[in-house]
Structures are given as structure tokens and as C-alpha cells.
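**Student:** Sequence:
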Amino acid sequence: MEPPVRLASTGTIIHGVSVGELLGVSTLAEARLIAGESGLGRIVQRLNVMEVPDILAWVKPHELLLTTGYPLRNTPQSLGRLVADLDERGLAALAIKLGRYVDELPSAMAEQADRLGFPLILLPNDVGFDDILNQVLTDILNRQAAVLVRAEEAHRALVQVVLAGGGLDEVTTEVAALLDVSVAAVDGRGRVLASAGPHEAALRESITRDWPPGAAASPGARTAVSVPVIAGGHHHGRIVAYSPSGDIRDSDVGILERAATVAALAVTRQEAVNAVESKYRADFLRDVLTGRAGSAERVVVRARAFGWDLERPVTVLVAELDPDGDERTAQDRLVTCWTAAMRRHDPRGAVAGFSHEVVAVVDASVDASRIAKDAASAFADTPPVTFSTGTSRPSRGPETLPEAYSQALKAARVGRQLHGPGAVAHFDQLGVYRLLSLVNDTDELHAFVRETLGPLASDDDAENADLRRTLQVLLETNLNVAETARRLHFHYNTLRYRIGKLERLLGNFTDDPHLRLNLTLALHVLRMRGI
Numbered sequence: 001m002e003p004p005v006r007l008a009s010t011g012t013i014i015h016g017v018s019v020g021e022l023l024g025v026s027t028l029a030e031a032r033l034i035a036g037e038s039g040l041g042r043i044v045q046r047l048n049v050m051e052v053p054d055i056l057a058w059v060k061p062h063e064l065l066l067t068t069g070y071p072l073r074n075t076p077q078s079l080g081r082l083v084a085d086l087d088e089r090g091l092a093a094l095a096i097k098l099g100r101y102v103d104e105l106p107s108a109m110a111e112q113a114d115r116l117g118f119p120l121i122l123l124p125n126d127v128g129f130d131d132i133l134n135q136v137l138t139d140i141l142n143r144q145a146a147v148l149v150r151a152e153e154a155h156r157a158l159v160q161v162v163l164a165g166g167g168l169d170e171v172t173t174e175v176a177a178l179l180d181v182s183v184a185a186v187d188g189r190g191r192v193l194a195s196a197g198p199h200e201a202a203l204r205e206s207i208t209r210d211w212p213p214g215a216a217a218s219p220g221a222r223t224a225v226s227v228p229v230i231a232g233g234h235h236h237g238r239i240v241a242y243s244p245s246g247d248i249r250d251s252d253v254g255i256l257e258r259a260a261t262v263a264a265l266a267v268t269r270q271e272a273v274n275a276v277e278s279k280y281r282a283d284f285l286r287d288v289l290t291g292r293a294g295s296a297e298r299v300v301v302r303a304r305a306f307g308w309d310l311e312r313p314v315t316v317l318v319a320e321l322d323p324d325g326d327e328r329t330a331q332d333r334l335v336t337c338w339t340a341a342m343r344r345h346d347p348r349g350a351v352a353g354f355s356h357e358v359v360a361v362v363d364a365s366v367d368a369s370r371i372a373k374d375a376a377s378a379f380a381d382t383p384p385v386t387f388s389t390g391t392s393r394p395s396r397g398p399e400t401l402p403e404a405y406s407q408a409l410k411a412a413r414v415g416r417q418l419h420g421p422g423a424v425a426h427f428d429q430l431g432v433y434r435l436l437s438l439v440n441d442t443d444e445l446h447a448f449v450r451e452t453l454g455p456l457a458s459d460d461d462a463e464n465a466d467l468r469r470t471l472q473v474l475l476e477t478n479l480n481v482a483e484t485a486r487r488l489h490f491h492y493n494t495l496r497y498r499i500g501k502l503e504r505l506l507g508n509f510t511d512d513p514h515l516r517l518n519l520t521l522a523l524h525v526l527r528m529r530g531i
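Mapped onto full-length UniProt numbering, the consecutive letters of the sequence shown carry residue numbers 1 to 531.
It is worth saying that the hints were derived from the structure and are not from the lab.
Note that the structure is predicted; figures quoted are calculated from it, not measured.
Some clues are possibly wrong.
Stated by the list, open to error - Pairwise CB distance ranges, derived in the manner of DEER restraints:
id, residue 1, residue 2, range
1, L505, Y280, 57 to 63 Å
2, D180, S107, 40 to 46 Å
3, G431, E399, 26 to 32 Å
4, P61, G420, 56 to 62 Å
5, E277, G431, 36 to 42 Å
6, R343, R298, 46 to 52 Å
7, G291, S458, 16 to 22 Å
8, G190, R343, 56 to 62 Å
9, E297, A201, 45 to 51 Å
10, R343, L505, 40 to 46 Å
Unchecked claim - No farther apart than 27 Å at their CA atoms in a straight line, the calculated lysine-lysine pairs in the DSS-like style are these:
id, residue 1, residue 2
11, K373, K501
12, K410, K279
13, K410, K373
14, K60, K97
Ideal Cβ positions, reconstructed from N, Cα and C, are used throughout, including at glycine.
Please take these sequences and the hints and turn them into a complete structure.
**Tutor:** Printed below as a string of C-alpha cells:
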């Protein structure tokens, strides 16, 4: 369970003073606490006077209710239920004058106040309600004004941090100094992006552990608080504050909310910078892979500026989003997953996102399949979108990178055609499909399939598809009739009958090795191209 997220107040006055503090003001110096001592930490934001019997319809949370008991003079039995009703409506305390209209309070009322932690205060008879109202409201408003001034000063300091070029590290450091607490900026996945403060280690531990219901020391103080960082309608994470003494108050939370706003500015600014840098990286890598980046020396020098090492033997990987996925939301996630995987396995490798694919150039000695597996594992959080991966042969230098890119792209696309979405293929493992993929004239391939397979090239008739399957297994087993019958679960004589039917449709392929080669190629094309 995360630290509690503070809810915005619905009232005009959002700060106040505790009941315990109010008992120290001059007009209440002679007041006496009758019951409910455990509720002295309740916050008073308003005052009200009980002068009608139906006062419950007019009270508001965080009020100190003053009364002489006049509305209840004829029904003293109502006092017994009054505490529970006021507590249920969130009032801070009840202050009453005795002797004029109500002589004493029922014992059940005091017992209930102690049980609920609802302060009951006995007021001195020589103090007027107007004096109490004036002094207490003045104290509340002064407190709120001081808090607002402090929050405004903190906001100016935080904005100055960002205007001076500071990021999340500087924001958390400033907030930790202002509030004397530990502060962390956490992204949407719970990863700490920046932290500062005297209890940094405990803060990092507290972000992930469960918080008990009593994490706050009192209604006005908390051990840990979390506020969201939102910019442009997107949730970018949280600002989390931690104090082992439990002295994070509402006024501090207000500053944390200002800090979250400033953090959102820092995040969006960094995202804009990253977007520009990402575009430059992608444009440069695209030029390298298409042979338009200039000489090898120029490519190597510019690559170093991005932290890439393209002088060593490398392998090119292409991760291409499979069709039928929502590319708009998946592409950014694909780039993020591959960038993280590259950072773990080859920090000097190049990685960039294109329109609907990610290209990575990694050290040839690194296990490319391991990188692809790590990226796929992270990307699995966004089903049902998948991607297919292709790997090239090793490239010896920048001059051969365009050829390696073409190999990886071909491996990704052919692998998907052969094995479906999410395929992982190496260019050297494509076999005959590598040669077939070089034929760009699909009409010619269509014609070859129709001429070679005749009616078996179409799935219009279910029997044709069944016969094509029989032909494929026969060719795979090198015309071993017994093995083919076993694989297809046919009787031997049934298979002999089917072979005769196939030869009447296609020719005497059992005695003609050239025809068998053509049939094999046609079946490969049919499988690869989906004709």
C-alpha cells in the first residue's frame, strides 16, 4: 500500500490550528478540558455558535462549536447523542458554558467523548463568544496567511531552480531543505528518479513497503505523503516525502504539491530535450544504415558524440511491430524497452526508433538473442501488441552496415511470415527463404506457384488444401511412404491412392527430381508469401 495521497480541501480556509493550541490563547486560558483528550490534535478551521435545536443541519467539518446549551434547555437528554452526531460530521470540538441553561453534562456524554476522542471544553462564564470568535479566527487567518506566504516563497524558489536549468535532483534537494524531510521523485513504475534528505535510505525503503493504517502521527501530521506529478494530462509519477517523526503537516503537503507542479515542468522540459535528441540520433542512424552518412571516418566521429562505438565488429538487429497493433501507443514503448535492454548489455551500442521499428547496432560478441529476449519480456506488459526481430550477419565496419541492416530487416519480415507475430530470426537461418525473399516481383512468384501447383495453389476447395499437406509431408520425408502415412495417420493404401491422385494433377514427381524441386520451392513460396 502506498503512502496516502492528500485530497484537496473543499473549503476556503484550508489551514487551521489544533484544539490543543486553541486552549492556550488568552480568551480560553480559563477553559477546562472535560473529556476527549486524545482528540486535541483535531484541526479547527471555523467557528460556529449553537443557537437553534437543529444545529446539525448547519455545522461543517473542522468547526469549533460554541454553545450555552440554550437550544437544549428543555431536552437535556439530547446531549447524550449530540457528541456522536457532531463527531460523525467531522467537527473538531464542542465548547459549552454551564450553569445558565444547562447545569451539568451527562456522564454518558463525557464517556462517549473519551471513546471517540472528541474534545469537550468547559468555557468560563465571564468570556463572551464574540471575544473567542475574534481571537480564534484571527489566529486561524494569521496561520493561513503565514502558510500561504511560506508556500509562495517555496514556489518561487522551486521555479527558480527549474529556470536555472535544474532538474529533479535539484527539485528534491530544494524541497528536502525547505521541509527538513526526505524527498524522492518516483516514476510511474515506482523507480526512484531523484532523492534527497537526511533519511534517504529509509525513504527508498518506504516507497516499496506496505504502510500500516496508522502511518500518520495525527490527523494534522503524517509519516509519509505522496502527491502525483501530472503534466499535459499524463501521470508522470509521484513526489514522495518521508519523516520518521511523523511531522509532515498540511502546510508541508501544500509545498509538496507546488513541488509536484515544478517537477512536472522539469519532466516535460526533459522530455522535449529527449525528443529532439532522439530525432537527431534516429536521423543519423538512418543515414548510416542507408549509406548516406558520409565517409567511415565521419560516421565514427559523429557516432562517438552519441556514445556509440561503430568501429568494432557489430551486429544489426531490427525489431518491427507486427501488423494489427496500435502503433501510436506501442512505438514509444518499443523504443523504451530496447533502449533499456541495450543499456544493460551494450552501453556503447546504438539504438534508435524509426516509424514502426527499432534498430539496434550491438557488439558482435554480445548475445543478440539475449537482448531481444529482454526487450520482449519488458514489452510483454502491453498486449496484444507484439514485434518480430531479425538479426544480421556480423558487420566489420560502417561501410557494411547498410547491408547488415537489409539482412536484419529481411530476417524480421521473413521470420514473421514463416512463424507468425513475435518471431525471432537470424539471416543465416532463413535457408532457401533468404533467396526467395530477394525476388521483388511478387507477380512472377504468383505465376510460378500457379503453374507448378495447379489447383493445389488455391484454398477454394478443402480437398486441395488436404492434398497439398500430403504433398508437403511426402517431400519432407523424401517420398518415404511409410513415414508419411505415420505422420498423417493414414492407412498405407490410402496414401498410395493419394499419391496417384497427386501425380495425375501435378505430373510424375516420384520419378522426376526436377519436378520435386519445383514443387518444394512452390510450397515454400506459398508458405512465405501467403499466396
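**Student:** Next pair to validate is K410 with K373; report whether the Cα-Cα distance is within 27 Å.
**Tutor:** The hint holds at about 19 Å.
**Student:** Starting from the range 36 to 42 Å, see whether the pair E277 and G431 falls in it by beta-carbon distance.
**Tutor:** holds, 40 Å
**Student:** If I claimed the Cβ atoms of G431 and E399 lie 26 to 32 Å apart, would that claim hold in this structure?
**Tutor:** holds, 27 Å
**Student:** Starting from the range 40 to 46 Å, see whether the pair R343 and L505 falls in it by beta-carbon distance.
**Tutor:** Given about 57 Å between the Cβ atoms, the range is violated.
**Student:** Look at the Cβ atoms of G190 and R343 and judge whether their distance stays inside 56 to 62 Å.
**Tutor:** Since G190 and R343 have Cβ atoms about 19 Å apart, the given range 56 to 62 Å is violated.
**Student:** If you check the beta carbons of R343 and R298, does the distance land in 46 to 52 Å?
**Tutor:** violated, 26 Å
**Student:** Does K279 lie within 27 Å of K410 when you go C-alpha to C-alpha?
**Tutor:** holds, 24 Å
**Student:** Verify the proposed pairing of K60 with K97, using a straight-line Cα cut of 27 Å.
**Tutor:** holds, 21 Å
**Student:** Taking the beta carbons of D180 and S107, is their distance inside 40 to 46 Å?
**Tutor:** Given about 45 Å between the Cβ atoms, the range holds.
**Student:** Mind checking the hinted window 57 to 63 Å against the Cβ distance between L505 and Y280?
**Tutor:** This hint holds: roughly 59 Å between Cβ atoms.
**Student:** Within 45 to 51 Å or not, the Cβ separation of E297 and A201?
**Tutor:** holds, 48 Å
**Student:** Verify the CB-CB distance for G291 and S458 against the hinted window 16 to 22 Å.
**Tutor:** violated, 42 Å
Violated hints, in rising order: 6, 7, 8, 10, 11; the structure is consistent with all others.
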